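> What follows is the residue order along each chain.
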Amino acid sequence: MKLKRLWGTSPFKSSYDAVMIGGGIHGLATAYFLAREHGMRDVAVIERRYVGFGGSGRNTAIVRANQRSQGNVRFYDEGLQLWAELIRDLDFNMMFYNCGNLNIFHSEAARGAARLAVSTAQMSGVKSLLLDRKQCKELIPVLNIEDNITYPVFGGMYHPPGGIVRHDAVAWGLAKGAARYGAHIHQNTEVTGIDTQNGKVTGVQTSRGRIASPRVLICAGGYGALLAQMAGIRLPLHPLTIQAMVTQPLKPVLHHVVSSGAYHVYANQTLKGEIATGAHMDPWPNYTTNTTPHYFKHQAEALVEILPFLQGVKFMRHWAGIADMTPDMAPILHGNDPIEGLYLDVGWGYFGFKSGPVTGKYMARYMAEARRPEILKPFSLRRYEQLRPTGETAGAFSYGPWN
Amino acid sequence: MSFTITCPICGKRDLYEFRFGNEERGPAPDQEGLTPRAYSEAVQMHTAVGGPQQEWWYHRDGCGVWFTTWRDTLTGRETDEKGNIS
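In the order they appear, the protein sequences are chains Y and C. Our numbering applies: residue 80 is where the first sequence begins, and numbers increase by one. Our numbering applies: residue 4 is where the second sequence begins, and numbers increase by one.
Because the hints were derived from the structure by calculation, they are not lab data. All figures in this text were calculated on a predicted structure; none of them were measured in a lab. For each residue, glycine too, the CB sits at the ideal point set by N, CA and C. Take these hints with a grain of salt, some might be off.
So the derived label-pair ranges between C-beta atoms look like this [said to hold, decoys possible]:
#, chain 1, residue 1, chain 2, residue 2, range
1, Y, Asp226, C, Asp64, 26 to 32 Å
2, C, Val68, Y, Lys330, 51 to 57 Å
3, Y, Trp481, C, Cys66, 46 to 52 Å
4, C, Phe70, Y, Glu380, 28 to 34 Å
5, C, Gln47, Y, Phe91, 36 to 42 Å
6, Y, Phe91, C, Gln34, 50 to 56 Å
7, C, Gly29, Y, Asn277, 42 to 48 Å
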């Protein structure tokens, strides 16, 4: 059988109409939408390692639109609806499985926060509802709702349209789509500098030579702050290492994404049967991808309490990635300020996967029209100095039995 | 391997005993003529260095002292001011 490459190698040109720094789903989606929606086909995606090396291939593939603030929900909801369209348009199966998310809470305070999030969703036309503990058990029979655990379950926030998407397929599908429209994907190419002149971006320096470009997008996931430094921009970001792991494969048993803010754990069963689980972040900045025994222990203890059938099941693989956290847990989507032509798509923290394609769609519009699309208004970098954070930190995950 | 940092009172201890208190920012900005942007730059923005940086730590599960030390964010290891592992 003759195998056909999804995307090939391209000549390394000395100038492009736009350069995306970071060959993950954000950069690839932006290149794809620049070509598809705006006719800008002379673009390059620069990737230090290989497509999907970073956060795009390290996340736990969960998608949802049940955030706390309305600006966020509107954006993520459009992202959720984009998967089906992308799968059709790219002719690539991303294995979107909209199994629904159940976010369990363990206190009155967290229930109050969940109620506000459910109201936000319902006001925005997104399906999300509040369940009591018995309804949680009816939905997920393997869930432990007894009082014999550290944080007994009070109830849950059920979000049926959410689910999981195969993350590698998203990266590969978007790379295929972008390359089909003529985008050049340069892997193993490191950006070492961002050139500016008279307040305008003029190009980037790379390990393979200089590229001139009037538009540069920083979309390098957890490494965004390092790239912004090259242009002299400081950001309110902490790059934190986030860990995840999978168990050995099991027969189908867990048919929803389950998460708990108090236990600091989420779990879902992949289509291969493994229970993918994670959530821990060491709260100090690191550009490393170390995993820690401290966390394996925490994860095993938490999982066995809320999903007791996992007792004795073995972890098979573990890994980590970098999440660039902003103080208000919402991204920074910003451009032409303070440097004309330089665009920022940073600060996604652990929300970068679910938002990838929709961010690409709107960052492409931002770059093509040099004007901020209405839907990106809440995500300006200037909201910090205006003391207008998004309010996302008031989500149910911030409240536990200790509140 | 577990990571450690050195408390000036208790000596080398497990990193999980400590609370991170942000990167060292230097003195607070002058109040005279301070704009919202300059204030935000001083208190909200981080340099987020990739490499050795001076940072604040609090020995939460120990003696309770606040102190600064150097740590390399590319390796997670405590270093001296020049970035050498001590």
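> Each hint should be assessed against the structure and marked as holding or not.
Hint check:
{"no.": "1", "hint": "Y:Asp226 / C:Asp64: 26 to 32 Å", "verdict": "29 Å, holds"}
{"no.": "2", "hint": "C:Val68 / Y:Lys330: 51 to 57 Å", "verdict": "53 Å, holds"}
{"no.": "3", "hint": "Y:Trp481 / C:Cys66: 46 to 52 Å", "verdict": "24 Å, violated"}
{"no.": "4", "hint": "C:Phe70 / Y:Glu380: 28 to 34 Å", "verdict": "32 Å, holds"}
{"no.": "5", "hint": "C:Gln47 / Y:Phe91: 36 to 42 Å", "verdict": "38 Å, holds"}
{"no.": "6", "hint": "Y:Phe91 / C:Gln34: 50 to 56 Å", "verdict": "51 Å, holds"}
{"no.": "7", "hint": "C:Gly29 / Y:Asn277: 42 to 48 Å", "verdict": "30 Å, violated"}
Consistency with the previously given hints fails for numbers 3, 7, ordered from lowest to highest.
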